[in-house]
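Peer 1: Please model the entire structure based on the sequences and the hints provided.
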Amino acid sequence: MKRVSVVIMTVVVLATLVGAAVLIWGTGGISRGGLGVEEIRIGALVPLTGPFAQLGSNYPLGFQLAIDEINEKGGVLGAKLKLIVYDDKNDAKEAVAAFQRLVEVDKVIAVVGLDSSGIAAAVVPEAEKYKVPVFFQTAGSPGLLTKSTRFAFRTCLPAAPMVVQAVAEFVQAKGIKSVASVVASYEWGLRVKEAYVNLVGPMQGVTLQQEEAPPGERDFTAYLRKLQPINPELLSGLGHPPGVQTLIKQAVEMGYNSKYFIGAFASYPLYIDLIGEAAYNRVVEFSCIKWDSPEYIRIAQKFYQRHNKWMDMRAATGYVTAYMIANAIEKTRSTDPVNIANYIRSSRFEHPIFAWPLSYTEWGELKEATLYMVTLVKKSPPSGVNPGANWWIEVIHKSSPLTPYQPEK
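In this note's numbering, the protein residues as written are 9 to 417.
Computed Cβ-Cβ distance ranges for the label pairs, DEER-style:
1) 388 to 233: 32 to 42 angstroms
2) 303 to 397: 14 to 24 angstroms
3) 289 to 233: 24 to 34 angstroms
4) 341 to 229: 56 to 66 angstroms
5) 217 to 306: 40 to 50 angstroms
Taking lysine-lysine pairs in the DSSO-like style, the calculated list, with each CA pair at most 27 angstroms apart, reads:
6) 115 to 339
7) 88 to 139
8) 155 to 139
9) 386 to 182
10) 339 to 298
11) 137 to 417
12) 81 to 115
13) 317 to 298
14) 88 to 310
15) 387 to 317
16) 139 to 101
17) 386 to 298
18) 115 to 137
The hints are simulated quantities; they were obtained by calculation from the structure and are not laboratory data.
The structure displayed is predicted, hence computed values, not measured ones.
Here a beta-carbon is modelled for each residue, glycine too, at the ideal position from N, C-alpha and C.
Peer 2: Shown next, in the form of structure tokens:
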């Protein structure tokens with residue numbers, strides 16, 4: 009198995025305010041005190057190859073930037089952070105083997121980066137067995153967490169019913185009367201389908217029709233033909249992350265005049281490459297990042313200087329997650345994964361570029377998620393964030409606080 013080890017470094021001050029973990033910017037560094045170790049290892053499982061590679065590969069770059077900053081200021085309590093990255097290849101067996109190696113051989117204190125529900129479903133039982141916390145970047149199946157789960161945490165992507173809650177609010181706010189949805193026949197897609205039935209189906213005066221396609225499907229014309237008769241004002245690809253952009257491209261080519269196309273936490277700029285003008289003010293995506301915050305702009309400028317690419321949502325999520333873990337180590341003065349998991353589950357971490365405070369239920373569900381729904385507009389991005397681009401991101405709907413999903417068992 010190929011392994012990429014990266015040592016990285018960071019700047020910041022962490023403080024506790026009214027019992028909450030709050031990030032203080034601009035002065036000093038993380039306090040030092042001595043953990044009895046020189047190095048703290050964190051593992052990452054990300055899809056560097058396979059169908060999710062385009063989505064997941066930026067996450068470790070953002071994580072690396074954060075721990076690079078931390079190490080530049082002396083590390084956490086005098087210990088330097090080290091990131092060890094494995095390619096999960098979007099294969100459950102590969103991911104489990106890599107997780108076991110990270111814990112048993114590399115001795116990591118946490119594992120981050122899980123990008124799909126299928127991978128997370130295979131890894132969570134291992135996290136519970138080894139008592140090592142795992143952090144999902146975008147794995148949203150509600151079935152990943154049970155009431156007894158204690159070592160799994162969501163970050164950027166809430167559970168599927170919570171995301172569909174935001175879509176349902178959007179449907180009502182925009183007065184949409186017809187909704188079509190294509191979902192993939194795997195855990196995430198089926199849960200999205202179920203949530204649409206429960207949350208959009210009962211809406212008075214709204215027509216809902218859904219079609220189910222295999223996760224590997226890339227020719228959606230047959231499914232789109234079945235949906236055409238309802239002339240959907242909103243076409244959703246939320247339930248089919250691997251194919252969502254192809255789905256929308258083919259819908260445009262077939263002459264769909266939908267007012268909105270709902271994405272699936274996918275790459276924003278790729279929509280422009282695929283469908284051109286039809287992407288602007290029409291494709292609606294989700295965000296856990298405050299794109300126009302001064303802090304994001306500063307960090308994204310630094311990211312671009314380092315990688316010559318835009319700091320997308322996944323890279324930004326990796327950056328924030330690194331700080332949350334570093335804060336937990338500093339506050340507990342411990343590298344014990346159990347202590348770190350317990351602290352994160354019982355505390356509240358805020359970061360100025362993140363759309364909501366990271367706080368959790370007992371089983372690791374997000375307690376305060378408030379999703380941004382965004383579209384692409386013809387506008388130059390902030391200086392130095394993505395030079396040469398002629399588009400930027402505009403928030404068109406902010407959800408109410410989403411109701412944390414409660415597992416049945």
